[in-house]
Amino acid sequence: MIQLTGKSKPTIWRMYAKRNEFPKPERTKGGTFLGWPEHVYEEWVRSEKL
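Quick note on the numbering used here: the sequence shown kicks off at 1 and runs consecutively.
Among the hints, erroneous ones may be present.
Stated by the list, open to error - When the alpha-carbon atoms are kept at most 30 Å apart in a straight line, the in silico BS3-like pairs for lysine-lysine are as follows: (1) 24 to 7; (2) 9 to 29; (3) 9 to 24; (4) 18 to 7; (5) 7 to 29; (6) 29 to 18.
Derived from the structure by calculation, the hints contain no laboratory data.
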């Protein structure tokens, strides 16, 4: 994700958690963070370049 977006981990987290500017990550039923499917960040990167 960092390579695709060019943003740091803390910035990506702020964009998701505080500013709601980034897609919600997937989690297991127990709540463990899994990350984002590849198509989600590809769509996000495309939308940011428009």
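We went through each hint and held it up to the structure:
1. 24 to 7: 16 Å, holds
2. 9 to 29: Measuring from Cα to Cα gives roughly 24 Å; hence the hint holds.
3. 9 to 24: Holds - the C-alpha atoms of residue 24 and residue 9 are around 14 Å apart, at most 30 Å.
4. 18 to 7: 15 Å, holds
5. 7 to 29: OK: residue 7 and residue 29 at ~28 Å, within 30 Å.
6. 29 to 18: 23 Å, holds
Going down the numbered hints, you'll see the structure goes against none, and every one checks out.
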